[in-house]
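Let chain A serve as the given structure and place chain B on it in line with the hints.
As you go down the protein sequences, you meet chains A and B in turn. Heads up, the first sequence is in the numbering used here, so the first residue is 1 and it goes up one at a time. Heads up, the second sequence is in the numbering used here, so the first residue is 1 and it goes up one at a time.
These aren't lab readings, by the way, just hints derived from the structure by calculation. We put the beta carbon where it would ideally sit given N, CA and C, even for glycine. Hints are not guaranteed to be accurate.
Computed from the model, here is a short list of chain A residues facing chain B with C-beta under 8 Å [unchecked claim]:
| id | residue |
| --- | --- |
| 1 | 111 |
| 2 | 122 |
| 3 | 125 |
| 4 | 129 |
| 5 | 130 |
| 6 | 140 |
| 7 | 163 |
Here's the letter readout for the chains.
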Amino acid sequence: MKTITPEKIAELEEIARHLRMDSLTLINRRGAGHPGGALSAAEIMTALYFHVLRIDPENPVWEQRDRFILSKGHASAVLYSALSRRGFFSFSELDHWGEVDCPHQGHPDRLKTPGVEMTSGILGHGVALGTGLALAARLKKLAYQTYVLLGDGECQAGIVWEGAVTAAKYHLSNLTTIVDYNNVQLDGPVHEVMPLEPLADKWSSFGWHVVEVNGHSVRQVVEALELAREIHDQPTVILAHTTKGKGVSFMENQSYWHGNVPNNEQLSKALAELEEVANG
Amino acid sequence: MAELSMREAYGRALAELGAVNPQVVALDVDTSSSTFSNFFAQRFPERFFNIGIAEPCMVDVAAGLALGGLVPFINGFASLLALRALEQIRTCVCYARTNVKIAASYAGLSDFKDGATHYSITDLANMRVLPGLTVIIPADAAEAAAWVPLVAEYNGPVYLRISRAGAIPVHLVGSPLQVGKGRILRAGRDLTLVATGAMVGRCMFAAEQLATQGINARLLEIHTLKPLDGDLLLEAAEETGAMVTAEEHNIIGGLGSAVAEVLSEGCPVPLERVGIRDRFCPTGRDPDQLMDTCGLSVADVITAAQRVLERN
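Pulled out of the complex, with its shape left as it was, chain A reads as follows (with noise of 0.2 Å):
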């Protein structure tokens, strides 16, 4: 396993902050989106696109690429900056999203946005699809890896658990799943919606192999990511211990800032907020 430098760590942790940024501001000039979830998985998004995934903004569709699908496709806002901000597009595409012309759509949708793998929005599919593409890596012989990025409360979904098993069957080592584990729903915690403790044990007893990691802590995410690839006769999911909100003081933790937007006042505190994490 590559070690992860102090430098490279500070730079990814920069890039991590301009997401959150960049993403509030695509929600507000949108009116529309789920700033919660985007700002919880920053850093997880941060490590995949800026460290491990095998990717090239100039050829999208290259055979080899390693494959990504935001199966909590509400979170579009941060996957949208990830993709401009790594060069798959330019963030002024964005500046009509939402309107009907802009291809960019509310959910991420694999025919209209490059570098977007897979069209998502209803919660679930997302290790089953990955389980897919992880058994067209094997039957094709190439080497890529599949990650899927699950939210939380999507693991109340039974076929979250479908996709678990069969995985966990076929052995594939070449899969890893995340869970953004924010402990926050639309209609708030996840322990009184519908508790899923001990969501460790339940991956486990699915046969996958199971790392827990402080999801904000870029090292840790860049190093479990890294060690998925060492296991090689399950598949992985890591449960990254996240705030919802992450990032700006009013929004942490709030179940009402999953799916609401912040106005243009809440805006200018948020990215204050934001600027004096880098200042400070």
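Only chain B this time, still in chain A's reference frame:
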């Protein structure tokens, strides 16, 4: 009936396709000995995936395989694919336009001994409303086999409706099949019978009996419910002035509804629809007897033809 069942013809054709096209993979949901995807599984075990009793998961895994460049045929019971896995088919196959081939077996009333839970009399309605999905209904065993390589070559998702049973043979091996193009199986100018699936053979018998009464019925086979061959239907409506549809499906939402939509906008002639009259059907002794008692007999087609001519 002694003829080969549609499902067995399909299963053998799928295995043959696997031999010539290494991109083809097959999935099933613990029904491979029923759908006959087991012929493929036995010859190509590394390209066969048994997902267990989880149709929605099978659809998503197949979508992933298609994203990875393979051509997955998913196999299961039509009632479960079209209902339990409907959301997956809509989102991950149709909207995402993944190249998944849905081989929906045990369609219509063909699983005569298992009853209404297993019958699939709503699948055509469920599938027809999904943008981007091509819906194909073979009329007999030979036609089911003939569609398999064509469906594999076709670029885009396809719903291929397969009966558990046999059907009256109407397809001449080697005669051309084209997606979206209906076929005139019998010439006639007095009225048009429009049939799909197992009702094509029954309508052929009906047309022969009508001929003995001096009524010359044209017979159209609509194997592609979507995209529907509207030109062929309108031409027939204009030339014969009356139409009867026949399908092994609920009277709501399937072929009869699709034809009514075309006629009402393009050439409104009298139309009678033969189908299951919006009810759950009982178990039976054999599929033919069951179809006869559920409003799908040759006599039902003849009665509908006489009725539509009286209205004309």
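Next item on the list: Would you pick out the hints that fail for this structure and give their numbers low to high?
Entry: Of the numbered hints, all hold.
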